[in-house]
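Heads up: the sequence shown begins at 15 in our numbering, then just goes up one per residue.
Simulated from the structure, these hints should not be mistaken for laboratory data.
Heads up, a few of these hints could be off.
Now the in silico label distances, taken between C-beta atoms and shown as ranges [what the hints assert, rightly or not]:
| no. | residue 1 | residue 2 | range |
| --- | --- | --- | --- |
| 1 | Ala215 | Gly338 | 21 to 27 Å |
| 2 | Phe193 | Leu89 | 22 to 28 Å |
| 3 | Ala113 | Gly36 | 40 to 46 Å |
| 4 | Arg85 | Phe54 | 38 to 44 Å |
| 5 | Glu220 | Leu289 | 22 to 28 Å |
| 6 | Pro124 | Thr73 | 48 to 54 Å |
Note that beta-carbon positions come from the ideal geometry of N, C-alpha and C, so glycine has one too.
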Amino acid sequence: MDAVSRRFPDVYLFSATVALIGIGIVMIYSSSAIVALERFGDPAFFLKRQLLWSALGVTAMYVALTVHYPRLRPLTPGLLLVGMLALVAVLVPGLGRAAGGARRWLVLGPATFQPAEAAKLILILYLANYLDSRGASIRQLQVLRPPVLVTAALFFLVAAQPDMGTALLLVGIAGAMLFVGGASVWHLGGVVVAGFPVLAAVTLLEPYRVRRLMAFLDPWRDPRGSGFHIIQSLLALGSGGLLGVGLGASRQKYFYLPERHTDFIFAILGEELGLLGAAAVIGLFAFIAYRGLRIARSAPDRYGALLAAGITTSIVGQAAANIGVTAGILPVTGVPLPFISFGGSSLLMTCMGVGILLNISQYSTRRSPQALPWQPVREVE
């Protein structure tokens with residue numbers, strides 16, 4: 015029989031998270047000082063805001079840590095409703111703020127918030143609750159329909175902003191959680207096959223998405239247009255070598271590389287800190303993946319295991335997508351690098367997710383050596 019114990023939160027996960035936040039603060043100042051001075055007359059403009067969001071993020075992490083995770087279950091329906099309404103409100107002129115050709119932000123007094131970032135955590139909470147309550151019946155097609163429809167609704171609302179990167183990340187999170195939760199592989203494969211024409215249509219109906227795809231296949235075909243981001247990112251990474259050009263000594267940040275402190279901050283990091291610095295950051299995300307899956311494996315119940323698996327998938331999957339874009343192995347998606355890219359909404363919600371992980375880590379199940387790693391999650395009919 016399993017024994018459940020209350021213990022100290024996972025200090026290794028917390029340390030890796032704080033390390034990434036610290037690296038982000040340093041790199042945001044290094045990559046944004048020039049553009050901040052030119053636009054706002056203050057080289058620390060973005061740094062000050064990121065410091066504020068970091069403080070709020072750590073506070074949110076602490077709050078999530080102190081709330082026993084089963085108490086989140088009754089809040090799920092309300093959070094899902096509020097999240098969908100917020101995603102709709104973003105698209106309404108006067109409520110949502112547009113920038114860079116996208117309408118992704120809600121204006122909340124002096125600050126703005128990106129509901130799509132909250133949608134990831136809300137989807138994880140919904141799926142964990144639904145999958146746990148349905149148990150092995152999730153292998154039935156009719157039981158699989160509600161989470162697929164909810165995911166599809168969130169996908170289209172986020173894609174309409176447009177934010178295809180986050181929309182695809184939502185689908186990836188749902189797919190991973192449904193698989194871990196015991197859904198039939200054949201049913202999931204059928205959903206993928208049915209959804210592929212929809213994804214192709216959504217992509218082909220927007221000319222800029224087609225240009226991004228073509229630039230991914232051959233960025234030098236349009237080096238001053240759609241391929242510019244990828245080329246400049248690769249130049250930054252290539253300039254770093256093994257040890258980098260030195261912290262603060264990047265050349266690509268001098269108005270060559272767009273989105274240098276947001277979506278492409280990893281390129282500046284690789285240029286200034288070199289392959290070793292980039293590998294260290296990748297190693298920290300890999301370590302978070304390890305700790306997160308370890309927490310999922312030792313969670314005392316299916317709900318906690320699914321929550322941990324979903325949050326870990328979200329953080330690590332987003333990091334992999336951002337780094338993949340920076341390295342030119344994925345099309346440009348506009349997905350930030352967790353903990354490191356400038357942006358309050360992403361940092362706040364990611365820290366909250368880590369707080370939930372830390373809360374789950376306080377409760378461990380000590381299994382017998384014969385127990386299967388994912389036995390609490392995937393049930394055998």
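Hints, one by one, checked against the model:
1. The beta-carbon spacing between alanine 215 and glycine 338, approximately 24 Å, falls within the hinted interval of 21 to 27 Å.
2. Between phenylalanine 193 and leucine 89 the CB atoms are about 25 Å apart, so this pair conforms to the stated range of 22 to 28 Å.
3. Under the hint 40 to 46 Å, the C-beta atoms of alanine 113 and glycine 36, about 28 Å apart, miss the expected range.
4. With their beta carbons about 42 Å apart, arginine 85 and phenylalanine 54 fall inside the hinted range of 38 to 44 Å.
5. Hint check: glutamate 220 to leucine 289, Cβ distance near 35 Å, so the stated range 22 to 28 Å is violated.
6. A C-beta distance of roughly 18 Å is found between proline 124 and threonine 73, which places it outside the suggested range of 48 to 54 Å.
Hint check: violations occur at hints 3, 5 and 6; the rest are consistent with the structure.
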